[in-house]
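Participant: Modelling step: build the complete structure from the supplied sequences, incorporating the hints.
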Amino acid sequence: MLHRNVLSRIAPVAVLISGIVLSSGVRAESDTYFDFSGKISIENRWFPQTNLYPHQSRHSSGFVLEPELYFEGAEGWSFTLVPFFRYDSADSRRTHGDLREAYFLLYGELGEDEWELRVGVDRIFWGVIESNHLVDIINQVDVIEHPDQEVELGQLMAHLTLSGEWGIAEFFVLPHHRERTFPGRDGRLRSGLIVDEDHPTYESSAEQWHTDFALRYSHNFGPFDIGISVFDGTSREPRFDPGGTIEGLVPHYEQIRQFGLDAQMTLEDWIWKLEAIRRSGAQNLSYEEDDYAALVMGVEYTFYSIFDSPADFSVVWEWNYDERGEDATTIFDDDLFFAIRYALNDLHDTDFFFSMMQDREHSTNVLFLEFNRRLTDQWSMNIEGFHLLNSDEKDVQADPIRRDSFLELRLNYNF
Amino acid sequence: MKTIDHCLGRRIFSLPFAFCMSLLLGWSLSIPVHAESAEEKGLRIARDADARNHGFGNYTAQQTMVLRNKHGQESHRKLRVKILEVPEDGDKSLFVFDNPRDVQGTAFLVHSHKAGPDDQWLYLPALKRVKRISSSNRSGSFMGSEFAYEDMTAQDVDKFTYRYLRDEPCGDLTCFVVERVPTDKDSGYRRQLVWFDQEELRAQQIHFYDRKDTHMKTLALEEYAQYLDKFWRSGLMTMVNHVTGKSTTMKWTDFQFQTKLSDRDFTKTGLKRVR
Chain A
105 MLHRNVLSRI APVAVLISGI VLSSGVRAES DTYFDFSGKI SIENRWFPQT
155 NLYPHQSRHS SGFVLEPELY FEGAEGWSFT LVPFFRYDSA DSRRTHGDLR
205 EAYFLLYGEL GEDEWELRVG VDRIFWGVIE SNHLVDIINQ VDVIEHPDQE
255 VELGQLMAHL TLSGEWGIAE FFVLPHHRER TFPGRDGRLR SGLIVDEDHP
305 TYESSAEQWH TDFALRYSHN FGPFDIGISV FDGTSREPRF DPGGTIEGLV
355 PHYEQIRQFG LDAQMTLEDW IWKLEAIRRS GAQNLSYEED DYAALVMGVE
405 YTFYSIFDSP ADFSVVWEWN YDERGEDATT IFDDDLFFAI RYALNDLHDT
455 DFFFSMMQDR EHSTNVLFLE FNRRLTDQWS MNIEGFHLLN SDEKDVQADP
505 IRRDSFLELR LNYNF
Chain B
1455 MKTIDHCLGR RIFSLPFAFC MSLLLGWSLS IPVHAESAEE KGLRIARDAD
1505 ARNHGFGNYT AQQTMVLRNK HGQESHRKLR VKILEVPEDG DKSLFVFDNP
1555 RDVQGTAFLV HSHKAGPDDQ WLYLPALKRV KRISSSNRSG SFMGSEFAYE
1605 DMTAQDVDKF TYRYLRDEPC GDLTCFVVER VPTDKDSGYR RQLVWFDQEE
1655 LRAQQIHFYD RKDTHMKTLA LEEYAQYLDK FWRSGLMTMV NHVTGKSTTM
1705 KWTDFQFQTK LSDRDFTKTG LKRVR
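Which chain is which? The protein sequence lines are A and B, in order. For the first sequence, this note's numbering puts the final residue at 519, and the numbers step up evenly by one. For the second sequence, this note's numbering puts the final residue at 1729, and the numbers step up evenly by one.
The set of hints was computed from the structure by calculation and includes no laboratory data. Don't take each hint at face value.
[Said to hold, decoys possible] With a straight-line cut-off of 35 angstroms between C-alpha atoms, the simulated DSBU-like cross-links for lysine-lysine are:
#, chain 1, residue 1, chain 2, residue 2
1, A, 143, B, 1722
2, B, 1582, B, 1722
3, B, 1722, B, 1585
4, B, 1639, B, 1705
5, B, 1705, B, 1568
6, A, 143, B, 1726
7, B, 1684, B, 1722
8, B, 1705, B, 1684
9, B, 1568, B, 1726
10, B, 1582, B, 1714
11, B, 1585, A, 143
12, B, 1726, B, 1582
13, B, 1568, B, 1532
14, B, 1705, A, 143
15, B, 1722, B, 1705
16, B, 1582, B, 1705
17, A, 143, B, 1524
18, B, 1524, B, 1666
19, B, 1582, A, 143
20, B, 1582, B, 1568
21, B, 1585, B, 1666
22, B, 1714, A, 143
23, B, 1532, A, 143
24, B, 1568, B, 1585
Facilitator: As structure tokens, then:
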């Protein structure tokens, strides 16, 4: 029944998309609606220190196209299309495209409750923490875009949401797996051996077409926002076999199960945050299967309208812990994160962000600086600085990028 | 009780305030005044105005803001506003930003409450992330404008105390002047003075006094129109900050009352769907 509805609704969309009318008018109820928006960015990155590996350059420049098309039918269903393309002058692998989003959205009532179905390519974010996205697992990260792992690749899925007074229940069917992106030979911010993206291996014989499942329940009551989740399927985080091939390190994607918890308590000027996972089925850095738990907790305090100005000043503190310790496959084995954010709340939405991550086991110390400002109604700019203040040669995650501190300037045209 | 809650409890620019006030006026006129203190009269006005705005159900509107600094430089904001009346509690409000383009698609959801702090969430479309945010920034600027969050979102009547001051001419009309004092410690205001016209009990002007009791801002409400033969809404609000010399003009258009909006449009799931 539902299926037939979906199909009968796709046809008019196809017709509309093919004959796109490039004017987006004012919206009225019970009317079709089309919107074309997006962002074009010009970006430059400078690496002040000389390269550690041959072929890497000191500078890269490029541009990003990220248009968004949205069509809404009279009955409220919609189709969203967000393609993405980046050109990078230094690393041919960083020149890449992706389908960030391409999904149909339908929703309706179910007695007192509501259902919503999204089918296609979409991005899903779970979590509350600033320094690390521990619980977030539906999408693969586009590491080549940014080493902070905040940018995600589009993921093919069917995503059903049921919601009511009792909370929000979400069901995901994920039929396809995306490989993580990594810098190429000429790129900075990479490991000594480059990652061979063309020959990944999988634990499942279905390889990248293994069907993964995920469930999430979330609810909010009073000051609390809480989510619990489970994921069963192909890990988004690859393991690398020792040695590798002539082309480099070969990523191997295992079958895992992960239980997750994310919680936030918002109490006046204080925000308390927690994310925790329990993952089984993955090997650790010593190539032993190691079921483990990891957590990150933190607190954020904001001084609102500081110095009688409209500006807000926030202080964030977070602690990342992974019980595998030295065998952890991520950099967050036992790390303290401290950050400040100064938001001017002015006409230009100017804000500064500064953070520091300190590994408690190693002497690795990472600084990150960000400045954002709107220039006009359509132009905006960002400046980012990343600096490895100190790196421990025993820290296998951080050591290869010890000379890759960078400064980035981005100019965006939003339309 | 409900009237009062509504009157004072509503966002100023949604004009329920004006309604409320007009209600209050009507009420106060119909009742002998002698035994009544100024506080009682103020409270009655607030309750009355609140009652008048009862039953609007929901509405949507377009909002265009022009922000000006003291050098005359201008910046524009465009957003859509959706309001749902919640009879037993505070209203639910949804603001969707269309302009500036870098924040396009960002949405701000507020569940206001009669008692206790409001619940607020922000949807950031670039990250596809719904973020719960604190409501203790009530005195902070809304989108860099001269309107504070507390001017934009519903406030419960019980969060103020009232005092009727005097009658005074306001333009071609005669107004009641009522003082209201926020009881919320997070409010940026020590007190506010509200001018209600005696004809329809619409707020015509509001003076805002900061915590040091300096007359900080003045809001003028103009171009009133009546919807569904009952509900008055201002189409033009101008907030002037006397301390900084900055001002914000907020134009309201395309009011639509009693649309298909329901509770479901004001949930975290609905927030992610917003366009």
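Participant: Are residue 1639 (chain B) and residue 1705 (chain B) close enough, with their CA atoms no more than 35 angstroms apart?
Facilitator: holds (30 angstroms)
Participant: Is the straight-line distance between the alpha-carbon of residue 1582 (chain B) and that of residue 1705 (chain B) 35 angstroms or less?
Facilitator: Given that 35 angstroms is the threshold and the Cα spacing comes to 30 angstroms, the pair holds.
Participant: Would you mind confirming whether the straight-line C-alpha gap from residue 1582 (chain B) to residue 1722 (chain B) stays at or under 35 angstroms?
Facilitator: holds (12 angstroms)
Participant: Is residue 1726 (chain B) close enough to residue 1582 (chain B), meaning Cα to Cα at most 35 angstroms?
Facilitator: Distance of about 7 angstroms is within 35 angstroms: holds.
Participant: Holds or violated: residue 1684 (chain B) with residue 1722 (chain B), Cα cutoff 35 angstroms?
Facilitator: Given that 35 angstroms is the threshold and the Cα spacing comes to 32 angstroms, the pair holds.
Participant: Given the hinted pair residue 1582 (chain B) and residue 143 (chain A), is their Cα-Cα distance within 35 angstroms?
Facilitator: holds (16 angstroms)
Participant: Need the status of pair residue 1582 (chain B), residue 1714 (chain B): alpha-carbon distance at most 35 angstroms?
Facilitator: holds (25 angstroms)
Participant: Next pair to validate is residue 143 (chain A) with residue 1722 (chain B); report whether the Cα-Cα distance is within 35 angstroms.
Facilitator: holds (26 angstroms)
Participant: Given the hinted pair residue 1722 (chain B) and residue 1705 (chain B), is their Cα-Cα distance within 35 angstroms?
Facilitator: Measuring from Cα to Cα gives roughly 28 angstroms; hence the hint holds.
Participant: What's the verdict on residue 1524 (chain B) and residue 1666 (chain B), does the C-alpha distance respect the 35 angstroms limit or exceed it?
Facilitator: holds (22 angstroms)
Participant: Hint check: residue 1585 (chain B) vs residue 1666 (chain B), CA-CA at most 35 angstroms. Holds or violated?
Facilitator: holds (33 angstroms)
Participant: With the threshold set at 35 angstroms, check whether the alpha-carbon distance from residue 1705 (chain B) to residue 143 (chain A) stays at or below it.
Facilitator: holds (28 angstroms)
Comparing the model with each numbered hint stated earlier shows that all of them hold.
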